[in-house]
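A.B. asks: This is what each chain is made of:
Protein chains: 2
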Amino acid sequence: MNAMVKPDQAALGAVRAALQDLLGERLQTSAALCEQHANTATGRGTQAPDMVVFPLDTAEVSAIAKICWDHAVPLIPFGAGSSLEGQLNAPVGGVSIDMSRMDALREVHPEDMIAVVQPGLTRKRLNQELRHSGLTFPIDPGADASIGGMCATRASGTNAVRYGTMAENVLSLEVVMADGRIIRTGTRAIKSAAGYDLTRLMIGSEGTLGIITEVTLRLRGIPEETLGGVAVFPSLQAASEAVITMVQIGLDVGRVELLDVNQIRACNAYSKLELAEQPTLFFECAGTDASARDNARIFAEISEEHGASDIHWTADRDARNKLWRARHDAFWAALALRPGCKGLVSDACVPISKLADNILEAAKDLEARGLIGTILGHVGDGNFHVVLMTDPADAAERAEVDAFLKGITKRAQASGGTCTGEHGIGQGKMESLAAEVGPALEVMRALKAALDPKGILNPGKLFGELA
Amino acid sequence: MNAMVKPDQAALGAVRAALQDLLGERLQTSAALCEQHANTATGRGTQAPDMVVFPLDTAEVSAIAKICWDHAVPLIPFGAGSSLEGQLNAPVGGVSIDMSRMDALREVHPEDMIAVVQPGLTRKRLNQELRHSGLTFPIDPGADASIGGMCATRASGTNAVRYGTMAENVLSLEVVMADGRIIRTGTRAIKSAAGYDLTRLMIGSEGTLGIITEVTLRLRGIPEETLGGVAVFPSLQAASEAVITMVQIGLDVGRVELLDVNQIRACNAYSKLELAEQPTLFFECAGTDASARDNARIFAEISEEHGASDIHWTADRDARNKLWRARHDAFWAALALRPGCKGLVSDACVPISKLADNILEAAKDLEARGLIGTILGHVGDGNFHVVLMTDPADAAERAEVDAFLKGITKRAQASGGTCTGEHGIGQGKMESLAAEVGPALEVMRALKAALDPKGILNPGKLFGELA
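These protein sequences, in sequence, are chains A and B.
When the letters of the first sequence are read in order and numbered with UniProt numbering, they come out as residues 1 to 467.
When the letters of the second sequence are read in order and numbered with UniProt numbering, they come out as residues 1 to 467.
What the hints contain is simulated information worked out from the structure, not anything from laboratory work.
By construction, the Cβ of each residue, glycine as well, lies at the ideal position given by its N, Cα and C atoms.
Do not take every clue at face value.
Unchecked claim - Sample of chain A residues facing chain B (criterion: CB under 10 Å; computed from the structure):
1) T29
2) S156
3) L198
4) R200
5) E206
6) N268
7) A269
8) Y270
9) S271
10) L273
11) L275
12) Q278
13) N383
14) C419
15) G438
16) L451
What the hints assert, rightly or not - Derived CB-CB ranges, DEER-like:
17) B:G250 <-> A:A403: 44 to 50 Å
18) A:A17 <-> B:E442: 26 to 32 Å
19) B:L105 <-> A:D357: 46 to 52 Å
20) A:Q20 <-> B:P453: 36 to 42 Å
21) B:G407 <-> A:D357: 46 to 52 Å
22) B:A403 <-> A:A10: 37 to 43 Å
23) A:R106 <-> B:A31: 54 to 60 Å
With the rest of the complex left out, here is chain A (with noise of 0.2 Å):
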């Protein structure tokens, strides 16, 4: 495995002239936008790169990729740049890829429920586009990430518990490799036992493997009927066991999604609504009228054989957006809690009787450390975040708050869990990658030297390749 070395100034400008050459003004050099092209989410610090490209066709991306490869020159794809853990950081400079104007919606094939993307496009413009033919995209991570980089981080979110993750949701990418050699993934074909599979290899590599240049996408019809509402529970405790025992008996829920008490607060002030402050689930059920209504009853009976009091919900859609944009919104509202500060964002994913134990322990921990931040998650998946609230200036804070993180990913590896459900290692999570996949780890970096022998893909994450 290469060592990460950063390119030197030759290198640089002879990639730099050769970009000017084939994209002419879609070659970006200032260092405002270069910034921008880096991780910018989160607490986590800024690494920019040199340039940003801006390709319009796949033929363009190859292009650009063999010239980097030529030169040996880091490429980083970005894509609406909302991932949480430092995967657009460029830590020894090179060239940002930014999909952004392959954003178009390039087939729609109802008879089939399919759809043919471009990486760039957004999920929210996606859903927009498909408003006509009673289909959707159903994964929904919160951001309106583009559909490149979901594939890119196998992204998941709310959904996930009904629709899967990424993994199950795309049936074909066009990929360009490192030296700009473009490969087809898979067919459109629902299910396909020919020789490796290459597309679920792809998606969740973070850049590091390929640059994804098309998505064949599964869509799926929109439900007769979607039911949503809340349930206000006595204590965490509560609420999590409440959902346990929806999963385990098989409850066909949509989305059930937890609140803590501080994230009720952050939403009530942030989204303007008048949730009760303890903790509570959002939910939703979806299917014919007859099957969403039946579930959503059970879940009430269930959530009331836990203590649940102020159970309702509404088939009302203005009403359900309000909620779930309060949800969607709760990392924003989350932040609001205090100004000025950076957000950092745990991603624990654990087996699901291992849920109440992992959220009360991080509850504790936090409260033990003294910081500031909310719990919420897709408990359905057994995947939960805290949402911390730091003072980037802050040292001693910041060292806590990174003990307060380890803490969460040593007990969802301990639980037989995973430290990221979602959002993926990046830089942020490599340690934890080495600790939970053991000697996989040189499997990976054997898979990475294979298809990427100059490690010019992403360098700087996953691995901790760093020279």
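Take the given structure of chain A and dock chain B to it, following the hints.
C.D. replies: Showing chain B alone in chain A's frame:
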């Protein structure tokens, strides 16, 4: 990529001696046993290994791999022997590693709906052992395959339309790599974004990247109600188009299987049934009592709209099981149409809108060539099979069969589908794979070379790298 070289007698002798020391009587070299461990399930030729070993645990598998690695002798994993594309053949000899004695159900975690099994456990025995838990492992390829083999070939079958394939139902694998290293590919969390998806890379790799020694499976709750039934159609086209409509409206059908007239005749004879000799859909709807009945009713309505008569279903378990036993025995029933023959099975999987065309073209070609075959399939996935009864000694007929099978694959690929929905590539579809994936084949080869640089694991499969 190393070409596949036949190991010399000295290397084989050294391996035999070392395995003898390690395993004693669990090394076998009789010609009959070796023949049994090569491909036997279909009309493809048999290429026996030089010896067969029966490890008892992961440490032994690791030691066996190390011995083969040191002497560059091929190692071919063997599960239950039910693969259909020559996956178990040993074209240059070597060691067949029979996993049948590693067949323990190690752990069941009902609260997390997870089981941990050894690879030699068969799916029927797994479900037999789970019978008092209220849980089931739903992936059902028909044959009583081993769980390890089902992982290796990315098996799916009749339940995939509801539950997905092995790729969606395995959380983690323990794998012995070519050089004997032992890795674990995942955790018990239901989802993860922790690095490359080694689980999905191993699933479907047909024993060419590693030897699976333990599998962590997702289990499912047994539905409250399961209704099974049949609908009889006036034509193949009408039956196919009914299925297309069901898929497109998102009907929650548990299983939907098409059988053509010849297959119905075969099943009537073999399973002693009295089904009407017309194209027939077998179906199952499962869920709550209300939702199963709702869905069966919608199934019947759509079937009627497409001209079906004689639609009936039952909740009675014995009656259901008798129907589905007929479907499960379909392969053997088809073979019984022509005593002494061998079976060869096509496995195209196409986007659902192309299903009717592909099936009708296959039926037409079958008739035009005067071949004896039946058509059946997991049509909810766009996956269908033609079972051909061939006389292995008749070269002219075999040429006709091969041409027919190539036609099926070409039409599927031209429809945006794949040459194999669930049987894999093995030796039988190497040309088809190359045609289907194009430049991605070189990426697959690079992965193979990275993880098995000596090419000892199941050589001569997938890529056709015969020397």
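A.B. asks: All the hints need checking, so say for each whether the structure fits it.
C.D. replies: Hint check:
Below 10 Å, beta-carbon pairs count as interface contacts, and T29 (chain A) has none with chain B, the closest being about 32 Å; its hint is therefore violated. The beta carbon of S156 (chain A) is positioned within 10 Å of a beta carbon in chain B (closest approach about 6 Å), and the interface hint is therefore held. A least Cβ separation of about 6 Å between L198 (chain A) and chain B falls short of the 10 Å threshold, and the interface hint therefore holds. Checking R200 (chain A) against chain B: minimum C-beta separation of about 4 Å stays under 10 Å; hint holds.
Interface restraint check for E206 (chain A): the shortest CB-CB distance to chain B comes to about 9 Å, inside 10 Å, so the restraint holds. This hint is violated: N268 (chain A) has a C-beta 30 Å from the nearest C-beta of chain B, more than the 10 Å allowed. With a least beta-carbon distance of about 30 Å to chain B, the hint placing A269 (chain A) at the interface is violated under the 10 Å criterion. Given the 10 Å rule on beta carbons, the hint for Y270 (chain A) is violated: about 27 Å separates it from the nearest Cβ of chain B.
Hint on S271 (chain A) is violated. Least Cβ distance to chain B is approximately 27 Å, over the 10 Å limit. Interface restraint check for L273 (chain A): the shortest CB-CB distance to chain B comes to about 29 Å, outside 10 Å, so the restraint is violated. Among the interface hints, the one on L275 (chain A) is violated; its C-beta lies about 28 Å from the nearest C-beta in chain B, farther than the 10 Å criterion. Taking 10 Å as the C-beta cut-off, the interface hint given for Q278 (chain A) is violated, the closest approach to chain B being about 26 Å.
Using the Cβ-Cβ criterion of 10 Å, the hint placing N383 (chain A) at the interface with chain B is satisfied: the shortest such distance is roughly 7 Å. For C419 (chain A), the suggested interface contact is upheld, since its CB lies about 6 Å from the closest CB of chain B, less than 10 Å. With a cut of 10 Å, the hint placing G438 (chain A) at the interface with chain B holds, because the nearest CB-to-CB distance is about 7 Å. Hint on L451 (chain A) holds. Least Cβ distance to chain B is approximately 6 Å, under the 10 Å limit.
Under the hint 44 to 50 Å, the C-beta atoms of G250 (chain B) and A403 (chain A), about 47 Å apart, fit the expected range. Our hint of 26 to 32 Å for A17 (chain A) and E442 (chain B) holds, since their Cβ atoms are close to 30 Å apart. At roughly 26 Å, the beta-carbon separation of L105 (chain B) and D357 (chain A) lies outside the given 46 to 52 Å, and the hint is violated. Against the hinted window of 36 to 42 Å, the Cβ-Cβ separation of Q20 (chain A) and P453 (chain B) comes to about 41 Å, which satisfies the hint.
Evaluation of the 46 to 52 Å hint for G407 (chain B) and D357 (chain A) yields a failure: the beta carbon distance comes to about 58 Å. Taken as a hint, the range 37 to 43 Å is violated for the pair A403 (chain B) and A10 (chain A), whose Cβ atoms sit roughly 58 Å apart. In this structure the hint that R106 (chain A) and A31 (chain B) lie 54 to 60 Å apart at CB holds, the actual value being about 57 Å.
Going through the hint list in order, the structure does not satisfy hints 1, 6, 7, 8, 9, 10, 11, 12, 19, 21, 22.
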